[in-house]
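A.B. asks: Given the sequences, and given the hints that come with them, work out the whole structure.
Next come the chains, spelled out residue by residue.
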Amino acid sequence: MSRRIITALAAAAAAAIAAGGATSQAQAQDVKIGLILPYTGPGAELSPQMDKAIDLYQKLHAAQIKPYKYTIIKRDSKAPNGAAAKVDTQELLTQNKVDVIAGYIYSPDAIASAPVITAGKRLAVIMNAGTAFITNLSPYFIRTSFTLWQSSYVMGEEAAKYLHAKTAVVAYTDYPPGKDALNAFKYAFEHNGGKVIDAIPAGGPEATPDFTPFFQRAKDEHPNVLFVFVPAGDQATAVVKTYAALGMKAAGTQLIGTGDIVPDNMLQGMGDAAVGLITVHHYNADLDNPQNKAFVAAWKKAYGPDSTPDFTSVGAYDGMAAITHAVHATKGKIDNAAAAVKSLEGWKFNSPQGPIEIDPKTRDIIMNEYLDQVYKGKDGKLHEKVLATFHAVKDQCKALAIGPCAPKK
Amino acid sequence: MTEVRLETQGLSRHFGALVAVQGIDFKLAAGARHALIGPNGAGKTTFINLLTGVLPPTHGRVLLGGRDITSTAQAGRVKLGIARTFQINRLFRGLSVLENVCIAVTERAGAAGSMFYPAGRRGDLIAEAMELLRTLKLADAARHRVSELPYGRQRLVELAIAIALKPEVLLLDEPAAGVPSAESHIILDAIERLPEHIAVLIIEHDMDVVFRFAKRITVMVSGAVFAEGTPREIEANPQVREVYLGQAAQGAFHG
Amino acid sequence: MRRHRLRWWEALPWIAGIVFYFAFPDYLGFGCELLVTILFALSLDLALGYAGIITLGHAAFFGAGAYTVGMLASYNIWTEPITGLLLAALVAGAIGFLSGIVLLRTRGLTLLMLTLCIMALLEQAANMGAAYTGGFDGLPSLPIAPLFGVFDFSALYADTQYLFALAVLFVCFLFVRILVYSPFGQSLTGIRENVSRMHAIGSPVRRRLIVCYTISAALAGVAGGLLAQTTAYVNLAVLGLDRAATVLIVLILGGYGRLYGAFIGAVIYLALEHFLAQVYPTAWQLGLGLMLVVIALFARNGILGLAETLWRRYENRRGPS
Amino acid sequence: MNFATDIAGIVLGGLAAGTVLFIVSVGLSVTMGLMGFVNLAHGAFAMFGGYVVVLAMNRAHFGFGVALAVSFIATAALSVVLERALYWPLYRSGELDQVLFTIGLIFIFIAGTTILVGPEHQTLQLPAALSGQLNLGFVRYRTYSVFLIVIGVLIALGIWLTFERTRIGGQIRATVDNRRMAESLGINVDRLFTITFAFGSGMAAIGGGLGAEFLGLDPQYPLKYLVYFLIAVSVGGLGSVIGVYYAALILGVLDFVLTLYLPKGGTIFIYVLTILILLARPQGLFGRKEL
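Residue numbers (this note's numbering), protein chains in the order written: chain F, 1 to 409; chain C, 1001 to 1255; chain H, 2001 to 2321; chain A, 3001 to 3291.
It is possible that part of the hints are untrue.
[What the hints assert, rightly or not] Below, a list of computed lysine-lysine pairs in the DSSO-like style, where the Cα atoms sit at most 27 angstroms apart:
#	chain 1	residue 1	chain 2	residue 2
1	F	K249	A	K3264
2	F	K249	F	K376
3	F	K161	F	K121
4	F	K66	F	K293
5	C	K1079	C	K1166
6	F	K66	F	K300
7	F	K394	F	K361
8	F	K52	F	K361
9	F	K195	A	K3264
10	A	K3264	F	K186
11	A	K3264	F	K166
12	F	K166	F	K66
What the hints contain is simulated information worked out from the structure, not anything from laboratory work. Just so we're clear, the structure is a prediction, and the values are computed from it rather than from any experiment.
C.D. replies: Rendered as structure tokens:
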């Protein structure tokens, strides 16, 4: 008896699944995008910046998207432990039958989901997760954001070449992006004649530590530059404030970092303490190119004059552009992951951040990096000016085949 | 005089500068019915805690059947045959009356560490617990949660748990405390029916209880033994009357 | 005293577990998470619900088990799932035993803080050893050998994992069930209900607590190992306060010291979280918070406690029978 | 840098960090000690207070001091409402039910803040007089740290005097020691709870505002720092104001010096210190009764 019930239930379930599959076939013009971002938990403040960019892309490029229509199904990846993101990925693929997966702010979320992406055979566009080796974990990953090796490597070179620094202290958040930043900076700086005299792990990514003891230590070591990586967020504000409050500039130590310490949407909150900081990043809202001017103008029109896009927004925006390209290139059959990935290998795009390309070998982004300095504009607000531009920068971790970045045999 | 079961020699306990128990030499005979009385704060409960090993003494020794148990831990003394009840109930309030007693019976029988058969399968232990409940007239409440019983019957459970350990020495800390006088007789009846070989030391304020029950009385004042003797001797001792009773309780003393 | 006898309704969770497998093949990933959480909550119930050991650091053992399985698999030393779980139990149990010896002389808030700090220490150690543990990014794509050498763990549908997890939970549940109704379990209950009375009846309280804590830790280790196997992934979060606090909430919500509280709590908490988050990805915590507050205010000892109170009231209204 | 200025830097830095911890945690210690209520949501009141300060300054353009005062009053008022409506029925419940309730409350605060204000973190712009560096004669140091230390001393002194010298302080001490006795002496324990709870929450609000410079401020605040508050309270000893003060300062300075000289140890020191202290003194440094 019970066996019959189970069989009946199973049959009903199978019918339901078949019906679901049929509807997605019927509306071939409809492209379903599963978007996985942390809408709650420590990463919650990053998601709206990406959501807004995704909405804005669809608004600005409705003509390019046609004749296709995007349906975006949002899922919360919650705390950055990979578990929720993995189940989200599974269910988006098996229940919602999405054609493409996008998002992933935290690297563990993308790393945990990699086997599911491979088994589910769908294109997955990484819009923020930065650990360099992620793209090795599944053949269907492409990345439109960045790795810490790109910005930190250039910063390491330029600390030696442009700033003529001889000694540096590195303070970094003690998790993989921080360690990547440290390794990349150290590699480049020391290959250009500099010397990293101390590397200080400064707390974890969640609770904001008191930066005073770390910076006090750095100050006492009198380096030419203090290179800092912390996740963009309230830690960045605390870094800039502590640097200013300890009077390190007067003591002869210049604060430098990746753009994470001066995220565009938080810059105004840092006040004068941020003036003069030098960073390397692939984007800032003041970049002078026509795509960015249009993008920022449209953003401010849509979300108000006090709202500003930042590098996470651009990662999401470019990710949508990549999806649009793949949809057209595969004639709507973007659910054919191999074809979709193939269409994106070597894809070039004029992004608000400047020209970008997807490296056909690594499926990772190739982008410009900019050496920026913060200054106070005539409008009384803080802006960034570009001191130098570095073209077509690849992820150096994979280029140099360091550690887990070396392709697995 | 019969054989001494429990003995203390120069037993003292200090709490910082406060001397709670001061050089007590005390003997409890086998099968004794012995009462310990004294005003509040005289150190009676501390004395019990020293006897049971809850507190280590500052000075002095505790002997059980001639053997020095001063450094034996509380659990060890229970195994040697010293059981006690508490002035304020310490019961397993969320469990049934039967379970309360069964926990004690199982522990005494040395079966409480067994993991791989249900406790309910030890029919012998349950039967023993039920038998005990019957003698204490608690059998009808066996399946009730302890917290649902009237306080007087809860005091009986308190007593039952101690008896279930089959002690040689039983220390009762105000067994009728807090029980409405209308119900206190059930406690007294139970105490009177305790097996004769058990040496019983009872702390009690109610002089009716003390004189009905005790064959011997020790009076403690300010942590030291003030007087000891038969009920008649104690009753006749004018100093005890004065110190212990003060002015207020004149006449309560078997008057 | 005859509570150890099986009752008909005790088959229901397992029937539901099997029906779930056939009815919701797309939800098995979530199902695995649910089963792991139930097992973890069950292990906590043994320590907290039965022995009254209040801990906010149980993820220490969960994480130890997860890392045992994860690191052995990641370096291709040991990938067989069943023995892998036994090893996880062994490692977690050993840590439970050692920390139990040190910690279990304290109680209340002190014990809570000590368990919490031990867990935090392990988490920090795992972060410092990121070269071996993978740290925050974790150990990716763990190879897990097929079950009995035949059934592969599927990444997309998690079907083998689900049945395996269900079987593991069943075995562990039987073990816990036997334990709590045994004389040993009875004496744990005594310790929870009144520890000073247990001393007074001559119970070796500390030894019992250490034994209980060790078993509980070993079971938590199995749960952690199971997580590593079913998700093929392990990272620092398995040792985090997040996981320890969630399992505590799950258990209190369901009702502790009741064996089935772990089931009820996990199902309601996770299902609410999962499905609310699908509908309101940004605001689901509001609904979850409201539910916790309401349950805390109107139920004593969780949902099962509430059910018991209601049942008694109903029986009383019907009059004594 | 010479040795003396090094020491001064360490002491000032550590004291400042400890002071923040003290101001946020002191209310928790008193309410947990007094009522035996496990109020894990204490940090939610600190967050609420911090948001009131930031919003009052950024949107209503209040001064820092005025904003702090407004925040104290607003948070205390909110806490009275919650205490009478929701906490009160749980006083006689088990501590685990209280844990369930307060965690639920944290979720509500997190979600509420996210929905009403947004998920992004808030920055607090200090008045010019408090930013930059201050010359103390023997050393130049971060002005705001010095300011915090002074405020911390004043608050600790104020609370201590209230406890030792006023009627209500005496009542609180009596109730912490023995609630039943206090009730039988005719102390209105219910009213005392409400007043203490409101005051403790108000202090948390001040801490949220004053500490924002170091701890930041976002919806995750109540969970992010919960462990640190609990550590300060348990190390100090439940119900002991002075205990929390010294515990926070000791932990602050020791953690500061250890992270300064052994940064590779990460956040490990605070946990090691807590374990050692609690194993040596389970009731906390200044606690009189078991936790």
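A.B. asks: What are the numbers of the hints the structure violates, in ascending order?
C.D. replies: Those not satisfied are hints 3, 8 and 12.
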